[in-house]
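Given the coordinates of chain P, assemble chain Y onto it according to the supplied hints.
2 protein chains.
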Amino acid sequence: MKKSLGPRTLAFTTPVWCIGTYDANDKPNVMTVAWGGICCSVPPCVNFSLRKATYTYECVLRHNAFTVNIPSARYVKEADFFGIASGKNTDKFKVARLTPVLSTLVHAPMVDEFPMVLECKLVFHHELGLHTIFVGEVLDVKCDESVLNKSGLPDIEKVQPLVFSPDVRCYHSVGSLVGRAFEIGRTLR
Amino acid sequence: MKKSLGPRTLAFTTPVWCIGTYDANDKPNVMTVAWGGICCSVPPCVNFSLRKATYTYECVLRHNAFTVNIPSARYVKEADFFGIASGKNTDKFKVARLTPVLSTLVHAPMVDEFPMVLECKLVFHHELGLHTIFVGEVLDVKCDESVLNKSGLPDIEKVQPLVFSPDVRCYHSVGSLVGRAFEIGRTLR
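So the sequences go chain by chain: P and Y.
Mapping of the first sequence onto the working numbering: position 8 corresponds to residue 8, and the numbering continues sequentially without gaps.
Mapping of the second sequence onto the working numbering: position 111 corresponds to residue 111, and the numbering continues sequentially without gaps.
Derived from the structure by calculation, the hints contain no laboratory data.
Using N, Cα and C, we set each Cβ at its ideal position, and we do this for glycine too.
Accuracy of the hints is not assured; some may be wrong.
Stated by the list, open to error - Listed below are the simulated DSS-like cross-link pairs for lysine-lysine, each with C-alpha atoms no more than 25 Å apart in a straight line:
id, chain 1, residue 1, chain 2, residue 2
1, P, Lys3, Y, Lys2
2, P, Lys2, Y, Lys27
3, Y, Lys158, P, Lys3
4, P, Lys121, P, Lys27
5, Y, Lys2, P, Lys158
6, Y, Lys121, Y, Lys88
7, Y, Lys77, P, Lys2
8, P, Lys3, P, Lys52
9, Y, Lys158, P, Lys2
10, P, Lys2, Y, Lys121
11, P, Lys2, Y, Lys94
12, P, Lys3, Y, Lys121
13, Y, Lys2, P, Lys77
14, Y, Lys2, P, Lys27
Stated by the list, open to error - Partial pick of chain Y residues on the chain P-facing surface, computed with a CB cut under 8 Å:
id, residue
15, Val42
16, Asp144
17, His172
What the hints assert, rightly or not - Here are the computed distance ranges between Cβ atoms for each label pair:
id, chain 1, residue 1, chain 2, residue 2, range
18, Y, Asp23, P, Lys3, 28 to 34 Å
19, Y, Asn25, P, Lys121, 38 to 44 Å
20, P, Glu183, Y, Phe124, 47 to 53 Å
Excised from the complex, chain P in its bound form:
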């Protein structure tokens, strides 16, 4: 028997993404979001959502550009901090002792220490309510060589991304391999 929990933002899994932008003075900023994901294959697009009150909101619209920086579990403290502090009154990179690197493709900074980053140009945004959804076209995905598998693709067990539990407010790691996609279900046909 299922129990009703009411209308709320409660779903698994949600990612931990650090959105990199520059402000009006070209100070690099970074903010953690869990409302986000991939939303189109051609062109490759990702989306994330922001409240208007955030500093990142105006930064994204100013430059029509952002990066999605994916922290590994060892940077959980820094990622959490990026979701607590505001770029309005804090140089988050400095406090966290992480290195902003200017993307060569868009006017947005990348977190050098994180293993995986997507460079995106803003293509669409729409106000849904408290949050506005932003969609960016992925111009490039860059990864540390150390997290790539033999086929040159990032291995999730090496990237060690975080998973966020809404409402419960926990970060979890990614666990073990459960199955191969587009394969394991074939036995049911």
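Leaving out everything else, chain Y in the frame of chain P:
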């Protein structure tokens, strides 16, 4: 040194969500997507993306309703099957031997065996390219009592949702607790 992998839909983590809909003949259908997430807190909204060619595309628009069914890892085979087969020529619930239950809030079926389901009414959709993004307002979240923690919220370690790796085409489980959100980063202030 980071390696460029080009513009592609490669980001961690992405969820494994089974979208439930009814077709024109009220046959229950369910399709697995990894392009999706939470996108607004007030009202609570989730988004997912579909190609126009999918059967679910027309079903969602027909009834302006869908459910997000979150499979636990033990249903990896069924979830994968829901992403391989098409509702055009398959009764996926029957083949997978899972039970469709009509939502009392929206005209869409829920997968009874999955531990967590969101009942949603469509509020917005927008064609981005190959994929169209759909946004639904969450009218209710329903969970099996067995996956709830002492506070009455779903425990991700009990729900055991899957994580999908795009391009690498793997399903992983959720691992161990890494830290408490909005807490572990405070030490950096």
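Let me know if the C-beta of Val42(Y) comes in closer than 8 Å to any C-beta of chain P, holds or violated.
holds (4 Å)
Quickly compare the C-alpha distance for Lys77(Y) and Lys2(P) to 25 Å and report which way the hint goes.
holds (23 Å)
Please verify whether Lys3(P) and Lys2(Y) have alpha carbons no more than 25 Å apart.
Between Lys3(P) and Lys2(Y) the Cα gap is close to 46 Å, so the pair fails against 25 Å, i.e. violated.
Would you say the C-beta atoms of Asp23(Y) and Lys3(P) sit inside 28 to 34 Å of each other?
Since the Cβ atoms of Asp23(Y) and Lys3(P) sit about 29 Å apart, the hinted range of 28 to 34 Å holds.
Look at the Cβ atoms of Asn25(Y) and Lys121(P) and judge whether their distance stays inside 38 to 44 Å.
holds (43 Å)
Would you check the hint for Lys3(P) and Lys121(Y), treating anything up to 25 Å between C-alpha atoms as holding?
With Cα atoms ~19 Å apart, Lys3(P) and Lys121(Y) stay inside 25 Å; holds.
Straight-line Cα separation of Lys158(Y) and Lys3(P) no greater than 25 Å?
The given pair, whose Cα atoms are some 15 Å apart, holds under the 25 Å limit.
Measure nothing beyond the straight line between the CA atoms of Lys121(Y) and Lys88(Y); if it is 25 Å or shorter, mark the hint as holding.
Given that 25 Å is the threshold and the Cα spacing comes to 23 Å, the pair holds.
Does the structure keep Lys2(Y) and Lys77(P) at a Cα separation of 25 Å or less?
holds (23 Å)
Is the straight-line distance between the alpha-carbon of Lys3(P) and that of Lys52(P) 25 Å or less?
violated (33 Å)
Verify the proposed pairing of Lys2(P) with Lys27(Y), using a straight-line Cα cut of 25 Å.
OK: Lys2(P) and Lys27(Y) at ~23 Å, within 25 Å.
For Lys2(P) and Lys121(Y), compute the direct alpha-carbon distance and say whether it is at most 25 Å.
holds (20 Å)
The structure fails hints 1, 8, 20 (numbered hints given earlier, in ascending order).
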